[in-house]
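One line per chain: the protein sequences are A and B, in this order.
In terms of numbering that gives the first Met the number 0, the first sequence has 234 at position 235, counting the first letter as 1, and numbering is strictly consecutive.
In terms of numbering that gives the first Met the number 0, the second sequence has 67 at position 68, counting the first letter as 1, and numbering is strictly consecutive.
It should be emphasised that the hints constitute simulated quantities derived from the structure, not laboratory data.
Ideal Cβ positions, reconstructed from N, Cα and C, are used throughout, including at glycine.
A couple of the hints might just be wrong.
To be verified - Computed, partial: chain B to chain A, Cβ under 8 Å:
| # | residue |
| --- | --- |
| 1 | 170 |
| 2 | 174 |
| 3 | 182 |
As the list claims (entries may be wrong) - From the derived model, a few chain B residues whose C-beta atoms are all more than 10 Å from chain A:
| # | residue |
| --- | --- |
| 4 | 8 |
| 5 | 37 |
| 6 | 47 |
| 7 | 52 |
| 8 | 68 |
| 9 | 180 |
| 10 | 196 |
| 11 | 211 |
| 12 | 214 |
| 13 | 221 |
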Amino acid sequence: MTETLLEIDNLGVDYETARGDLKALRDISFDVKKGEIVGIVGESGCGKSTLISSILKLTAPNTRFRNGEVRFKGQDLLQNNERQMRSLRGSDISIIFQDPMQTHNPVLSIGAQMVDIQHRSKAAKADKRATAAKMLAAVGIPDPEARLDQFPHEFSGGMRQRIAIAMALMSEPDLLIADEPTTALDATLEVQIIERLHELQREMHCAVLFISHHLGVIAELCDRVVVMYAGAVVESGDVRAIFHDPKHPYTRRLIDCDPGHIKERARVLPTIPGEVPDLANLPTGCIFRDRCEQAGPRCAAVPPLAGIADGHNAACWLNHKGGVS
Amino acid sequence: MEKPRSELSLILRGVARDPLGLMGLIIVGTIIFCALFAVWLVPYDPIAMNIKDRLQGPSLNHLLGTDQLGRDTFSRVIMGGQVALKVALPAVFGAMAIGLTLGMIAGYGPKWLDNLLMLFFDTIRSFPTVMFALAVVALVGPSLETVVLVVMATSIPTYGRVARTQTLTLRNSEFILAERAMGASMTRILGVHMLPNIIGVLAVLAAMDIPTVIALEAGLSFLGLGVKPPTPSWGALLKDGYSLIRQTPWLVVGGGLPIILATLGFTFLGESLRDVVDPKLRKNR
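Can you make the complete structure from the sequences, with help from the hints?
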């Protein structure tokens, strides 16, 4: 049994808005073990971004942590002050953002930025520069020494995302959060970037929290998957179990809707009818009830996230004795 | 660090490529050159009187003639340029430095501090500059330092507001979030990442502000509230020329022309600088 690195336990996060509290995350529980890649899947607005900002504690001012804990190496991050958090960010926990066109300072050269983020190190500037060049080479940027003097706008999107990966991994973090790192890139680049990320991950043996709505990438890369819907975990488990034997209707529909899984040519791509419920005004019972074809009377009560097999959990009454009726 | 120098030379090259910018560069360069080497350039002592040769027209001896006290106008014009820059540069760069600092704090700091600083800026801005200057000069007496301080105080809000707006736009940009996610402290974010993004805009603003300050100093000197006589200043030259216009027009020319040229020169330079520094046009460089 490998050591647990990140443990999210019963996390509840609200946004205070003029319309009342928006329950962005409810009872989120999952963990990430050392050196493991965990994928988080879900459609837009399901709380993925709130989850990331909660782990890093870079939340909007109207965020309220209602309950639960985010334990990193056994220490509850929610109890940490800003100073303690700052010492973790960029050293123990790193992040790659979604849009590589926006994540670099436009007026500083790549080299200046890569030297700057090593501000914790006491090394000489020339050494920091050498480290930066080495990292650029590791992510597959040719002629790294010369490219350090170039500015972000002189790089393509794929290059910039590689640079972002290089910057995130430079401190050899224990946990890397990848927030849809390939969504803004085209498909051929996506494969390259994912492969490079996977290689580096194996080399450094860091854990990765990989957020994506691209199921193919998740299936390829991740060891375990957490499926989120409307601010709650609906299913979590081993990547094989999730893709071959999904136990929650939402997971099943999500896989059915993935263009990579569609065998027949159709005029219209399949979708899940209905909309994500209003988080400020939550419906009672199962959160997916309104969009679920299999919903029954029992769904008026919230189903617990219960274990089905070893490490495989789902929140649906269908997996319980008596089904939904 | 070699980087900023090459950046600067790139910007200067960009300005020189634009005809108006080149003109501005030449005018501003000439003014700065004359001001720096004024002591060696002037043919006569600008405050030495020579009653015998008073109110002369232009000649080879006196390029722009002499005033009512027989002082050489050309020498006074060159010395006046030095005075004008002595007022304009410290005032503008002082205001820029203070405004930049306060504006960045207002834009990045807590809301209450922002409100407080904005109230401070608005209070200063509500005074008309000339009136404020007149009041201060009436209180403490005319001097070069007073003019510098008054101009600096009244232009802090302009820089502060621009710096604040830029900071507010930047603070929610993704790359600043990325820096915070990588553990950068507030001082690092402001100093290393925001400052280079803001400074260009403010530098342009400063270049455009210098002629205003030169004109203001001239105006105060014209009213007799700027630099003390016999210190030569373009405004003082205008003032003398104004009362002697029937005897000789050359004092007005000597005082007025450099003000017009300096204003045009700095404005051309500022506008050209704005186009070159504009990040949207950067890639063309």
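field: Hint numbers not upheld by this structure, sorted from lowest to highest
entry: Failing hints, ascending: 1, 9, 10.
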